[in-house]
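Chemist: Please build the complete structure, drawing on both the sequences and the hints.
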Amino acid sequence: MKLKKINLKNIIAGLFVSALMISNLFAGDYDFNVVPTLDFKMLELEKDSYILSPSASVQFLWTKKEDSASFCPDKITTKFSYSQDIFNKGIPGYEEDNFYGMSLFGKVVDGKNSYILKLDVRGAHPFGTYKNLEGILMYARDIVKTDNMKFALGGGLVAEDTGITLGGIDLFILPFPMLYFSYTSQIITAEFEWIGLPSLRFVVFPENMFRIRGESSLAGFDLPCDIRFDLALSCFPLKDGLFKDYFSISLGISNNVNKFRINETNSLKYQYLCAYGEISATAITLRGGYTFAGQEKLKSDGLQTTGEYNGGFFLMISGMYKF
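Residue numbering for the sequence shown follows the numbering used here, beginning at 14 and increasing consecutively.
Worth flagging that the hints you see were computed from the coordinates, not collected in a lab.
Among the clues, some could well be false.
Unchecked claim - Derived DSS-like pairs: lysine-lysine, alpha-carbon spacing no greater than 30 Å straight-line: (1) LYS60 - LYS272; (2) LYS144 - LYS312; (3) LYS335 - LYS131; (4) LYS77 - LYS125; (5) LYS78 - LYS335; (6) LYS88 - LYS131; (7) LYS163 - LYS120; (8) LYS60 - LYS310; (9) LYS257 - LYS88; (10) LYS78 - LYS131.
Claimed, not checked - Now the in silico label distances, taken between C-beta atoms and shown as ranges: (11) THR76 - THR318: 45 to 53 Å; (12) ILE99 - VAL48: 20 to 28 Å; (13) ASN46 - PHE84: 37 to 45 Å; (14) PHE84 - LYS158: 14 to 22 Å; (15) THR50 - ILE99: 13 to 21 Å; (16) PHE84 - TYR107: 47 to 55 Å; (17) ARG214 - LEU51: 16 to 24 Å; (18) ILE99 - GLY332: 18 to 26 Å; (19) LYS312 - ASP160: 47 to 55 Å; (20) LYS252 - GLU277: 51 to 59 Å; (21) GLU309 - GLY124: 17 to 25 Å; (22) THR197 - VAL48: 21 to 29 Å.
Note that beta-carbon positions come from the ideal geometry of N, C-alpha and C, so glycine has one too.
Modeler: Below, the structure written as structure tokens:
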């Protein structure tokens with residue numbers, strides 16, 4: 014099935030109307046919020062050759078009111094995302110130059126129990142092969158929960174193109190643990206999450222004017238190439254007022270991994286370092302920099318070729334608002 018046969022306007026409208034109907038049904042028990050987000054990224058491959066990446070998402074949040082006596086879950090979160098990656102000069106040797114992505118995420122929290130469902134489809138032909146699908150179905154239970162610390166443990170199933178074969182069979186569905194740990198203090202705030210693939214986020218000196226922000230995650234199993242990281246020094250210049258924790262200026266360095274599935278047997282990946290500057294007012298974020306020390310990996314009919322990616326300019330603009 015081709016993506017162009019899908020009416021995305023109807024999908025988004027249907028999700029929005031469904032969310033409003035559910036919100037009205039439980040209006041007396043829940044506070045309801047909608048968070049739309051718009052993003053645009055540009056990565057220079059070489060002179061006059063770019064990857065242009067627009068994306069949009071909408072998140073619906075239902076939070077149970079403190080005075081509610083119903084037996085409904087405490088919190089419900091759903092999110093739908095759509096993205097494109099456009100090679101303005103195409104990919105040499107291939108007709109495909111436009112890559113699509115759609116994602117659906119759902120999380121239900123009921124007391125100490127959490128249930129998570131995530132579905133992703135990506136690629137130039139997103140419904141052309143099962144390898145374009147990524148799915149997560151998880152359950153976790155809070156083991157420790159205090160004012161400054163939380164630890165949850167669970168597990169479930171992950172479906173994705175792992176690249177792992179056993180006896181000539183691709184292992185597509187695997188059992189995975191689910192682990193969540195967060196800690197907050199005046200010195201550091203940290204969050205470790207293992208849902209499918211692990212990720213770590215932290216802020217050192219979270220209440221100071223100057224803060225060290227970092228995050229790391231795995232983009233796949235091709236190590237060390239698939240290790241993403243971002244480390245930045247951030248300045249929050251406003252000492253008082255409503256926006257003192259929402260406006261920041263940052264300088265940082267990151268390792269990025271961009272993957273593109275051309276068809277069932279061919280895929281392309283860019284891995285590169287990036288030095289950047291960022292201005293963020295939370296609702297609007299602008300980031301720009303230069304990429305270097307990169308590589309380009311092309312998998313074609315089971316064979317992988319690796320070449321140098323010499324780098325170029327990078328730009329990201331992001332906007333969001335909570336209704």
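Chemist: Which of the numbered hints are not met once you compare them with the structure shown?
Modeler: Hint check: 13 and 21 fail, others pass.
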